[in-house]
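Q: Chain residues, written in single-letter form:
Number of protein chains: 2
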Amino acid sequence: MARKCSAAWRKTKTLLLLLLVSLSVSICVCKTSEEQMENMENTIVTEKKAEESHRQDSADLLIFILLLTLTILTIWLFKHRRFRFLHETGLAMIYGLIVGVILRYGIHVPRDVSNVTLSCQVNVSPATLLVNFSGKFYEYTLKGEISASEAKDVADNEMLRKVTFDPEVFFNILLPPIIFHAGYSLKRRHFFRNMGSILAYAFLGTVISCFVIGMLMYGCVVLMKQVSQLDGDFFFTDCLFFGAIVSATDPVTVLAIFNELQVDVDLYALLFGESVLNDAVAVVLSSSIVAYQPAGDNSHTFEVMALLKSFGMFLGVFSGSFALGVATGIVTALISFTFIHVFLDFQLLETALFFLMSWSTFLLAEACGFTGVVAVLFCGITQAHYTYNNLSPESQDRTKQLFELLDFLAENFIFSYMGLTLFTFQNHVFNPMFIVGAFVAVFLGRAANIYPLSFLLNLGRRNKIRSNFQHMMMFAGLRGAMTFALSIRDTATYARQMMFSTTLLIVFFTVWICGGGTTQMLSCQHIRVGVDADQDNSMSFSEGSERRSTKQESVWLFRIWYNFDHNYLKPILTHSGPPLTATLPPCCGPLAHFLTSPQAFENEGELKDDDSDLILSDRDLSLTYGDVTISTDALGGHTTAGAPGSTSEDLDRELTYGDHELVMRGTRLVLPMDDSEPTFSRPSP
Amino acid sequence: MARKCSAAWRKTKTLLLLLLVSLSVSICVCKTSEEQMENMENTIVTEKKAEESHRQDSADLLIFILLLTLTILTIWLFKHRRFRFLHETGLAMIYGLIVGVILRYGIHVPRDVSNVTLSCQVNVSPATLLVNFSGKFYEYTLKGEISASEAKDVADNEMLRKVTFDPEVFFNILLPPIIFHAGYSLKRRHFFRNMGSILAYAFLGTVISCFVIGMLMYGCVVLMKQVSQLDGDFFFTDCLFFGAIVSATDPVTVLAIFNELQVDVDLYALLFGESVLNDAVAVVLSSSIVAYQPAGDNSHTFEVMALLKSFGMFLGVFSGSFALGVATGIVTALISFTFIHVFLDFQLLETALFFLMSWSTFLLAEACGFTGVVAVLFCGITQAHYTYNNLSPESQDRTKQLFELLDFLAENFIFSYMGLTLFTFQNHVFNPMFIVGAFVAVFLGRAANIYPLSFLLNLGRRNKIRSNFQHMMMFAGLRGAMTFALSIRDTATYARQMMFSTTLLIVFFTVWICGGGTTQMLSCQHIRVGVDADQDNSMSFSEGSERRSTKQESVWLFRIWYNFDHNYLKPILTHSGPPLTATLPPCCGPLAHFLTSPQAFENEGELKDDDSDLILSDRDLSLTYGDVTISTDALGGHTTAGAPGSTSEDLDRELTYGDHELVMRGTRLVLPMDDSEPTFSRPSP
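Line order of the protein sequences matches chains F and U.
Residue 447 in numbering that gives the first Met the number 0 is what sits at position 448 of the first sequence, and the numbering runs on without skipping anything.
Residue 97 in numbering that gives the first Met the number 0 is what sits at position 98 of the second sequence, and the numbering runs on without skipping anything.
Extracted from the complex, chain F is given alone in its bound form (with noise of 0.2 angstroms):
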């Protein structure tokens, strides 16, 4: 035990010591840079100030990987411990913050003089600039404009302003890997079994909790205005946008804890089906309101047209990216379902394209206008259901490795840069009444989305929604990576600035307190933890009526897709399923000969079906291919589509056996199920 503990001291210091060496390392890189940068002002080549600008771009980048290494290391005693306060993010935010003080005040920022600034009387501010300085011409691009008061310190801070990342390197780089993610890992069987409520919560809900937010926020801005605590412009937009990016929650360390202590496996679906949906719905409708555009000078009066048109918006970027990123995923599947001969070799090229292909969803959605990271999304949760199928082993394990490392990384990338840009963004306007009014906004506008549509939820489910799971649901409203992402996007007039520093204190105090005191209130909520999913399942197996209740819940809802899907699209994108000669009418015998793989009839006899990380049992597969087979035998050839006694009971088969657990951060691994149901007898083809 002593010696244990001796070894456990000895990384501790191991990791304090790589920490101070680290954070000196970064600060000396930093004063190496700038000094000089200072004897660098004699010169005036063009060339060394290019080299210079790189070198400093290396330093600052460095800082946050040795950042995240930190943050690593330190993930590690905590898991090896077992610490559950404090998640990895909430840890990235605390590195950041040091790191931030130490760039803002520990770091004497020489004055750089070489800045000029150019009067034109132009009326336009083209994006390429050519600048003839004394006979040589340079060519300048477009960063953005600044306001005039802002003008002036763009020279006393240029350390600062290096180290902040260009925006939208958060929403071109940084979130889509993290949203095609959880696309990706969507649990489908408890989602699908929750599928209606989780949509209430998080169309309706955040539809609901951003106006919620945003007329209360206007209460607070006329207060504001009049005690003369305003110093700008703030609009009811304004208030209706502050609305939208706080109203997407993001409780991945909530999720992280859930996991660990295996909570309730529908509220986990619930949470992260919320979650996952919302910040769908929130990136649209914040642009949405910003499209808000009435004509006339005055853009900020009410009218109908415009809000017809942003609503329009609304659907149709929606709808866009929707079709875009589900669009892809069936590509994809197409060609993994071509090339699966060749697949077999070479899984590299196979990862390759699996990731070049989801990227382009988001590219693809970019240029078209529509929302990139809607679509990926979309296209993720696509990929799961289809492509992933369609992949060799080996492949499925690398694709979700790579995705999960690339998660990992953007994620705390994001939160280490939230701790840092707190003290050097540059344009902070913390304003206490402002703050306050937001702390209670949130929180009302949460609640507004929780209770009610629980209530409203419950009268139709009979598998209800208990208090103490709304409790949770309430108190599980984490902001994260997308509000931070959404809010520094623009950061330009006064309101934006204010929302701006106002957001991060949320998400600070959200992650901090609210994720910290997970397990606290879990127990104070009297919700069971350790339930294994698959007892779970079991049980309500046994329970017999609670069981079908769920089904009837859920089953309206998308039976007839399900039954599209099992019958058609999944024999036409994936090698499982049933071949299509047994789900399509017999006059359309030869088409569904030409479009149903040789595959799917050599493997009829091993169906498989693995929605799920694990491959299936034998047995569970032989137990899907039953029911078809079944029908087939019965109805001469083919199973009629709607034939509700086969599918019906296939799909509550497959909702019960036909998924498993997906491990979100590689901790727990669940077994398939062990429960005995008659293996029905394999026929010949």
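Everything labelled a hint here was simulated from the structure, so no lab data went into it.
Possibly wrong hints are sitting among the right ones.
[As the list claims (entries may be wrong)] Result set (EDC-like, lysine to aspartate or glutamate): computed pairs, CA atoms no more than 20 angstroms apart in a straight line:
#, chain 1, residue 1, chain 2, residue 2
1, F, K399, U, D396
2, U, K78, U, E259
3, U, K78, F, E393
4, U, K399, F, D396
Just so it is clear, the structure is predicted and the values come from calculations on it, not from any experiment.
Using the hints, position chain U against chain F.
A: For chain U alone, kept in the frame of chain F given last:
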């Protein structure tokens, strides 16, 4: 058979269809963006312009992603049908060329009138520019200097300029993973067996090649001046620079075929080792040549001091980068060594740490003014040697797969960009005389590297480098990613533009002609194929004298190093190798106890020393371990580090068994050897 053919035909059709679709998609995207751009010209809103620019960027990137996707799909078909005449990189170039032609000639580029040229009588070109357009401040960042003649073109070719990446992208984003992967996958056994020759080719050979090419090109340039074929300045330093950049070989195409055909391992090791190291030499050499700046006005005269300074810079930068790379590699090894207990459960963290540490090596080197690429190379070698042993088997797979994927994507991106840039680059200078001269010079430079050095090396080697091997090495001197990245880095002057255009042609020629002709060349030179690395091994083992001679050739070079590494470094940095208590003299007992991990004692029975990709069979482990224990027992608790009897045999065995084929492109798996060496009994610790 007929069915198989029709299936293949269907696949080909699908592929062609996909090609057409994706090309038309990318063109459509471009067209739409253009149209939108035209509509936009009336509006002057900056934000919308920025959005437009973002959309255009997405479309540009999408073109490349689709290119990569197409390449991957076609590679599949090629691999599937065992086409060997065209490598994936060659294919990527062809697709790039096609898209380049379309962009250049197929798309009407509207004149973008929104560019403004400002004239200022200031003598500096600041990195950040604030422009006051009628009261509003806009921030611009410096992109670079452009020539006056170019200035008028800027407006015309916005579209083509858009598709042109910042050259630094290649150096800072795409090259590092390629180089790291090369270092990480250096075949240790064959590399060390031929280390002397490899170092000679890489260092001496590259310098010889650089100067030979430089001289020849200077002659060519002088001749061109005589016949008035030269439209600008071209100094001797430019010629040397050209020599340096085209001296970096990249035989990835050839090696892929070698790997597939199982060509002689020594030839493989010579070519691979040389190409990995000469990249590093070429990049430092070229930057030293650029830094050659004699005092006074005329910066192109010969001056001893400047030459010495350049030479000193070469040594300084190279050794600095080397030291930095090795240092961070060792730090990573130490970290993974310290946290190995915690590691086991969290492979995600392990992979993430590994990735971040490798990247921070690059950034740290760049921030310190060293060459990041060189640092990353040696970091990769160090990591493969030490850190790899501390990773859990799952993490070993994960990291290898991750870097493999990054390498694959980066390489194909660079090659398809090469194809594209032949048509989209704005300032090509194709000078037939210079091009012919360059081809001759490159050929002669390579010859002056290989043949004289091989002759000299053969004087010392008993296992001669035969003449057919020399011809093959001569033939395999392809130019690739590094040459391209170095030449595109600076295309400001006339000389550099001519170099860039010529370099492109050299890369195309060598990759297509030399790469495509590898199989023919192999059979023409009667180089035996289908040699199993291990067969080869056991054969040479049975031919005792030859085996011993090979050993003699390399052993003197690094016997001391090997002993030091095996007895001290490995035990300190990894959990493999003998415990320090066994290797340090008895007086250092307490220190040895402190530094040795408890695991080293625990693991004593099953000592791992797997520097290879494959997990060694138990027999191998006990064999390697056997040596150490025998000497431990014989010499009473410690092995004398210099004892030639034990360590040299140990070394010999490690050279023979301790390492296995590293599979580069995942097509071949070499099994552990199967010759019957008696197993040593395992002693109790």
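Q: All hints are to be evaluated individually against the structure, with a verdict given for each.
A: Taking the hints in turn, this is what the structure says about them:
no., hint, verdict
1, F:K399 <-> U:D396, "holds, 14 angstroms"
2, U:K78 <-> U:E259, "holds, 11 angstroms"
3, U:K78 <-> F:E393, "holds, 19 angstroms"
4, U:K399 <-> F:D396, "holds, 14 angstroms"
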